[in-house]
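Student: Chain by chain, the residues:
Protein chains: 2
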Amino acid sequence: MKFEIYFCGSIRAGRQDAEIYRRIISKLKKYGTVLTEFVGTNDDSKEGESHTKERELSDSEIHERDIRLLEQCEALVAEVTQPSLGVGYEVGRAVVLKKPILCLFRPSCGKILSALIRGIHNEEDIIIKDYKESDLDDTLQEFFEKVQKMQEKNKK
Amino acid sequence: MKFEIYFCGSIRAGRQDAEIYRRIISKLKKYGTVLTEFVGTNDDSKEGESHTKERELSDSEIHERDIRLLEQCEALVAEVTQPSLGVGYEVGRAVVLKKPILCLFRPSCGKILSALIRGIHNEEDIIIKDYKESDLDDTLQEFFEKVQKMQEKNKK
Ligand SMILES: [Ca+2]
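Heads up: the sequence lines are chains L and E, in that order.
Just so we're aligned, residue 1 is where the first sequence starts under UniProt numbering, counting upward by one.
Just so we're aligned, residue 1 is where the second sequence starts under UniProt numbering, counting upward by one.
You may find that some hints are simply not true.
If chains are identical, the list can't say which one is meant, so a pair holds when it fits in one copy or spans any two.
Unchecked claim - As a list, the in silico SDA-like pairs of lysine to any residue whose alpha-carbon atoms are at most 20 angstroms apart:
1. 27 x 97
2. 129 x 62
3. 149 x 3
4. 155 x 97
5. 27 x 141
6. 111 x 62
In short, the hints are calculated from the structure, not lab data.
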């Protein structure tokens, strides 16, 4: 499988999960190209600004770039444990673009996932999944097999 | 002015700002009907689930109701200081629906606003505003005058 994948995780709302983002991104590479690899770049800056290039772009340019990548992608994978406006925004835009969506939530964190994210699950092309890291391989495999099947179906 | 207004604030991601939401909602009533008044309802529950009716709906029903109200509204006002997936999601959907948007952010909180929210500001129908509570009356007045003018222009 060789998909173009849009990964979302919290940047300015908190980098507590940056290590997990990095590990998910590294697993996603088995399934294709991660268009937003910068989300995983670990950093020491207090603000959570991740990498040099990000700092050189204006917010409006970041938005333009991300929407362009979102339109380009064949699937969106979001880690949604850390509440983030940006991640919510990206998921909202991806729903309208009818992209296959996988949202990954760790209940072990004790947080409660937004009803608007939980509520878009449809067991088809939008999957909201409670996970622990040891489940990730199976969850990703299952999701991308679905994406594959949907693409084959659409080609017919 | 008598607009149908969609107000967004964090629910499950944290109710620290619930009192501010309530005060904003009470100011919004000067400009019309707030379709999502339940966002301001103060509560004592740890989870931040605000009111009885909300608790009776499934997440999928909450999502359906909110999208219906979003389509119905003439303007969206969001308090975006507390990072929230749900608020980000609503803003993303509202952008696609071409609704006039006002996002209110309090820099005094020491947080940094998402680039994807900051980046949609266009000085026209999408306004991202750094505010303190004493500015609110002027900010809302200015925004709804813009909405009014846009509606009049569209009628012509
Ligand atoms: Ca929420």
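Student: Indicate which option fits the pair residue 129, residue 62 if close means a Cα-Cα distance not exceeding 20 angstroms: within, between, both or neither.
Tutor: Between. Shortest inter-copy distance 18 angstroms satisfies the 20 angstroms Cα cut-off; intra-copy 28 angstroms does not.
Student: With identical chains, the pair residue 155 and residue 97 could be close in the same copy or across copies; at 20 angstroms between alpha carbons, which is it: within, between, both, or neither?
Tutor: within (18 angstroms within a copy, 29 angstroms between copies)
Student: Can you give me the call for residue 111 and residue 62, within, between, both or neither, at a CA distance of at most 20 angstroms?
Tutor: Between copies, since 19 angstroms is at most 20 angstroms while 28 angstroms is not.
Student: At most 20 angstroms between CA atoms: does that hold for residue 27 and residue 141 within a copy, between copies, both, or neither?
Tutor: Answer is within: at 10 angstroms inside a copy they meet the 20 angstroms cutoff, but 50 angstroms across does not.
Student: Evaluate residue 149 and residue 3 at a C-alpha cut-off of 20 angstroms and name the case that applies: within, between, both or neither.
Tutor: This pair counts as within: shortest intra-copy Cα distance 13 angstroms, inter-copy 45 angstroms.
Student: Which holds for residue 27 with residue 97 at a C-alpha limit of 20 angstroms: within a copy, between copies, both or neither?
Tutor: neither (25 angstroms within a copy, 35 angstroms between copies)
Comparing the model with each earlier hint shows a violation of hint 1 alone; every other hint is respected.
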